[in-house]
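Chains as they are written, first to last, in this note's numbering: chain A, 1 to 280; chain B, 281 to 693; chain C, 694 to 1010.
Derived from the structure by calculation, the hints contain no laboratory data. Check the hints yourself; a few may be wrong.
Under 7 Å between C-beta atoms, here's a sample of chain B residues computed to sit facing chain A [claimed, not checked]:
1) 363
2) 531
3) 533
4) 538
Derived DMTMM-like pairs: lysine to aspartate or glutamate, alpha-carbon spacing no greater than 20 Å straight-line [claimed, not checked]:
5) B:562 <-> A:46
6) B:487 <-> B:630
7) B:615 <-> B:325
8) A:67 <-> B:344
9) B:434 <-> A:46
10) B:640 <-> B:630
11) B:463 <-> C:854
12) B:684 <-> B:450
13) B:517 <-> C:861
14) C:970 <-> B:656
15) B:442 <-> B:453
16) B:670 <-> B:680
17) B:667 <-> C:868
18) B:518 <-> C:861
19) B:354 <-> A:223
20) B:355 <-> A:223
21) C:970 <-> B:658
22) B:653 <-> C:974
23) A:67 <-> B:552
24) B:673 <-> C:868
25) C:970 <-> B:351
26) B:670 <-> C:861
27) B:623 <-> B:643
28) A:67 <-> B:332
29) B:667 <-> C:960
30) B:575 <-> B:450
31) B:653 <-> B:351
32) A:67 <-> B:658
Model, not experiment: these values are computed from the prediction. Even glycine gets a Cβ: it sits at the ideal position worked out from N, Cα and C.
Each chain, letter by letter, is given below.
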Amino acid sequence: MNTLGRQKYTAFAVRYALLLAGALIVTVPFIYMVSVSLKPQAYTFEMPPQLFPHDITFEHYREVLAKQNLVVYFANSLLVAVASTSGTVLIASLLAYAFARMKFAGKRVLFSVLLIGMMIPPVMLIIPQFLVAKELSLLNSLLGLILVYITMSLSMQTFLLRGVFAGVPQDLLDAALIDGGGQGTLFWRIVLPLSRPGLAAVTIFTFLYSWDEFPWAHVAIRETAKRTLPVAIALFRRPDLTEWGQLFAMSIIALLPVLVVYVIFQRYFVAGIATTGLKG
Amino acid sequence: MLRHKLIALLIVVALLWIGLPIERSQAADPVTITYWHTMSPAETEQLAKLIELFQKANPGIKVEPTVYAYDDFKKALLTAIAGGQAPDAIRMDIVWVPQFAQQGALMQLDSALPDFKKIADSVFPGPLATNLWNGKYWGLPLDTNTQVLLWNQKAFEAAGIKAPPATIQEFAEDACKLTNGTKQYGYALGGTYFWAPAPLFYAMGGKIVDDKLTTATGYVNSKESVVAFQMLVDLYKKGCLSPNLLGGGVGTAQGHATGLYSMIIDGPWMVDIYKKDFPDFKVNFAPIPTGPDGKSSSVVGGEDVVISAATQHPKEALAWAQYLVSEEAQLFMAKVGVMPVLKSLTGSKDLPPYFEVFMKQLETAQARVPHPKWSEMDDALNTAFQKMLKDGKPVQDALDEAAKTIDGLLAAK
Amino acid sequence: MSQANLNVDSRRASASITVKPRLRLSAQQVTPYLFLLPGIILFVTFILWPMLYSLRISFYDWNIVKAERSVYVGLQNYQDALDDPIFQRAASNTLFYVLVTVPGQMIFGTLAALLLNQRFPGRALFRTLYYLPVITSWVIVTLLFEFLFNGQAGLINSILESAGLIREPIRWLADSRLIMIPLTLLGIWKGIGWTAVIVLAGLQSIPMQLYEAAAVDGAGTRQRFTSVTLPLLRPTLVFLVVVLTIGAMNVYISGLLMTRGGDPMNESHFVLTWMDKQTFENFKFGQGAAISYLLTAVVFVVSLVQIRLLQREVDYT
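Required output: the full structure, derived from the provided sequences and hints.
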């Protein structure tokens, strides 16, 4: 191998090594989490701690699925996430389309208001949202979660989609107009299908957000039966004895859907972000 | 275009439709009352079975329990009450009852329950008194408990100690004899909140306030109180008291079962907690070691069942509360370590055998301060203890400061 | 918790298209509003109205049980919050968190993106791995880190001891200053993947011709990086700095769970966890609202300043 080739090889090796090191730092905590979920309770705090378990037991998973209502929490989270995601995609698309390709009075003002919505600390809204939800009888209901989740996602996702929709070539739209299509046709038949990567990005973001959200779910849902996964996991701790094995078993199970969604939509992910015009 | 609008409308309607059935199911018969508590997993399982018994006997009533983490509970309660979402019945820590009563959140029970006098006569006076505030009764005693010494027989034998410590002096010595670096600690406290050091504190003659609840000066910073905290601080400095009490360490229950902590002080619920998570571990109980006056003592804990003032189903909630104090219910929950408050059950053969040491300890155990501002007093004591341990503040100074704070709380109305 | 986002496109041009007037006039005028309606209804109900409500509460000593008994106090809540040593400590904790996690995520995230930008086998797997912390709920990763940093039996202490770096286990979570370390490390760890993905998108939109042209002009690897990559990446990086800063100032869940309410002495609070405690434990809703508005104001100002300072036109001839 000549000098240039060797240089390139070394450079590549160094890069790969760094990448590997980074990947380790990122994944070792997860490996440990899986490991603890498979260790019997007595070994949870064994000293010194072991990365891999001696004896593997599935008792925590069994316990958590059978006794701890995990299936209920999972179903709640799933319902809320799916509804919030579809709702957000739909409503944000409508908004983004209006901003990107329609003309109307007050557009600039409305858009600024939307942007300000992105700067508001979500947690600060918990208090008044609690009071508003109480007035609307939306407390303790999954619908209350869904509506708030959609609302909180609107600013960011509309902003993303606006960039995507703006990138659709004008000629395609003109052609459709000549064929006698209305705005609805343009929206539904042309712009949306062409924006799949962007929509995929929005889908992942919103699903992630709804699935993992904690502050609002914690305040708004009181009944155990309606809890979502993050709340159930957070409230699992006890001061005298936290059953970490079970807690981590719950966490692993909670992780699977987002992992699946991510893997499925991942292809569109980076491309989607690029088309949203975030870079400028 | 109209078609698209219709589709959008349909989706919105679908979303609403998802939300509504969840509400609808609750509006139908029978009446459902909510019951909030902070019981351990074993107790929660037992409660579920108890509820089934109750529901069978009362077909028009459904009880819906919700378990909360203790740390989160008061916040959850206050938020719920503020949001008009208070539960119907609550299993409430005895020390919170005065506070919630004063805020107007609770239903007065001696006037609401026709059978109140009968019930009052059937329970122990101590637990009953925890429901008294401002001359009225705001709850029914549900269970009582105290803390005793748990000692790891294997560790003791390995260190050559034949029996658990009988006096505080022996306790302090044993704690250090049983310590081995960071692998094993002689004693561990659950935290710096008052409940943790309370048994030893009371056994050593410590007091917080006078009997009339007028002053803390001369009590919380009395010689005995100082000596009690000083002992704990010394044990900590010597490394015989595990550092977990400051947070981020191994919990007392876990540590005791795995041999990390040779002694802890805890309550009757430990038996079932261990049965569930550490089935091979054998628990040993012993009374709290005696103090300088030769007498043992401990702290009284327990829960009362209270009803929200804002409940929509007072009749059903009261029925549930009364049931919980019935012999059937009390014996049922006793099976998982929940100590009954009914006089009639003393010495009953149906009670678990390990209750004996607790019942004996209850004879000398002392209550904390039955005042609406107890939580803030607890905070003051917590802060004092923290400062002693973290900042090395002299015990006397820390307790003097706490005395001032508590005096202020007692004076304010 | 999703990161709050901001439009850094200060260029006024927006891509709006005028619909050719072949459609009926009334439909053309009405349709935009039909598109806007659902979003606007939600926005007003759950963001705008609550914000105004919260603003109002911040001027009162708000009684949560009987609202009519609330007393108007003007700016007193704001003053009290600023004078409060606990708030000041919370603010400085938050500032520390921002100053550590934002550069941390930027640096490691960009590094990861650069590394991931090459084609090599298993790239998709690596990308998924790096993104794992991002898709995991804050609740889970906080509890995980709490477990890892356990002062007596945690893995981190064990590793440090084995490496000979410490002699005694460090009691991370028991000290109000030390606890900032797991919290900030968590903040960085969780955000690397997200930052990397955004930077990757930015990198991939840089046309190859520019690199080739630079190479033809004799530029080496490092020079290509500084004269091609960085300038074209600038808008992305600006966006990231602003968004990450906003996110960092809003740190909440990790603080709430790990410090369990600022530890008994309220020394390890972040601004939002203190707001939470004031509101939902001490029941000072007015104070809580004031604190939230103070934070919002700071977020707003800092974002604007950052945009102005960092953004510059990119001109390529």
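Checked hints:
Of the supplied interface hints, the one on residue 363 of chain B holds, with its beta-carbon coming within about 5 Å of a beta-carbon of chain A, less than 7 Å. Of the supplied interface hints, the one on residue 531 of chain B holds, with its beta-carbon coming within about 5 Å of a beta-carbon of chain A, less than 7 Å. For residue 533 of chain B, the interface hint holds, since its Cβ comes within 7 Å of a Cβ in chain A; the closest pair sits about 4 Å apart. This hint holds: residue 538 of chain B has a C-beta 6 Å from the nearest C-beta of chain A, less than the 7 Å allowed.
This hinted pair checks out: residue 562 of chain B and residue 46 of chain A have alpha carbons roughly 19 Å apart, not beyond 20 Å. Taking the CA atoms of residue 487 of chain B and residue 630 of chain B, the gap is near 36 Å; set against the 20 Å cutoff, the hint is violated. Taken as a hint, the residue 615 of chain B and residue 325 of chain B pair is honoured in the structure, with Cα atoms around 12 Å apart against an allowance of 20 Å. Taking the CA atoms of residue 67 of chain A and residue 344 of chain B, the gap is near 16 Å; set against the 20 Å cutoff, the hint holds.
Among the hinted pairs, residue 434 of chain B with residue 46 of chain A is consistent with the structure: their alpha-carbon atoms are about 18 Å apart, no more than 20 Å. Note on residue 640 of chain B and residue 630 of chain B: the hinted pairing holds, with a Cα-Cα distance of about 17 Å set against a maximum of 20 Å. Under the criterion of a C-alpha separation no larger than 20 Å, the hint pairing residue 463 of chain B with residue 854 of chain C is consistent with the structure, at around 14 Å. Of the supplied pair hints, the one linking residue 684 of chain B and residue 450 of chain B is violated, its CA atoms being roughly 33 Å apart against a limit of 20 Å.
For the hint pairing residue 517 of chain B with residue 861 of chain C, the CA-to-CA distance comes to about 15 Å; that is within 20 Å, so the pair holds. This hinted pair checks out: residue 970 of chain C and residue 656 of chain B have alpha carbons roughly 14 Å apart, not beyond 20 Å. As the CA atoms of residue 442 of chain B and residue 453 of chain B are separated by approximately 13 Å, the hinted pair is consistent with the 20 Å bound. Between residue 670 of chain B and residue 680 of chain B the CA atoms are separated by roughly 17 Å; this keeps the pair inside 20 Å, and the hint holds.
Straight-line distance between C-alpha atoms of residue 667 of chain B and residue 868 of chain C comes to about 12 Å, which keeps the hinted pair within the 20 Å bound. Between the alpha carbons of residue 518 of chain B and residue 861 of chain C the distance comes to roughly 15 Å, so the proposed pair stays at or under 20 Å and holds. The suggested pairing of residue 354 of chain B with residue 223 of chain A holds, with an alpha-carbon distance near 16 Å, which does not exceed 20 Å. The suggested pairing of residue 355 of chain B with residue 223 of chain A holds, with an alpha-carbon distance near 15 Å, which does not exceed 20 Å.
As the CA atoms of residue 970 of chain C and residue 658 of chain B are separated by approximately 17 Å, the hinted pair is consistent with the 20 Å bound. For the given pair, residue 653 of chain B sits about 14 Å from residue 974 of chain C by alpha-carbon distance, which is consistent with the 20 Å threshold. In summary, the hint linking residue 67 of chain A to residue 552 of chain B is supported, as the alpha carbons are separated by about 16 Å, within the 20 Å threshold. With a C-alpha separation of about 16 Å, the suggested pair residue 673 of chain B and residue 868 of chain C falls inside the 20 Å cut-off, and the hint holds.
Of the supplied pair hints, the one linking residue 970 of chain C and residue 351 of chain B holds, its CA atoms being roughly 13 Å apart against a limit of 20 Å. About 17 Å separates the Cα atoms of residue 670 of chain B and residue 861 of chain C, which keeps this hinted pair within 20 Å; it holds. In summary, the hint linking residue 623 of chain B to residue 643 of chain B is supported, as the alpha carbons are separated by about 13 Å, within the 20 Å threshold. Simply put, residue 67 of chain A and residue 332 of chain B have alpha-carbon atoms about 17 Å apart, close enough for the 20 Å limit, and the pair holds.
Between residue 667 of chain B and residue 960 of chain C, the direct Cα distance comes to roughly 12 Å. Compliance with the 20 Å bound is thereby established for this hinted pair. With a CA separation close to 14 Å, the supplied pair residue 575 of chain B and residue 450 of chain B stays within the 20 Å bound. Distance restraint check for residue 653 of chain B and residue 351 of chain B: the Cα-Cα separation of roughly 18 Å lies within the 20 Å cut-off, and the hinted pair is therefore satisfied. Only pairs whose Cα atoms come within 20 Å are accepted, and residue 67 of chain A paired with residue 658 of chain B is rejected, the gap being roughly 35 Å.
Of the numbered hints stated above, those contradicted by the structure are hints 6, 12 and 32, listed in ascending order.
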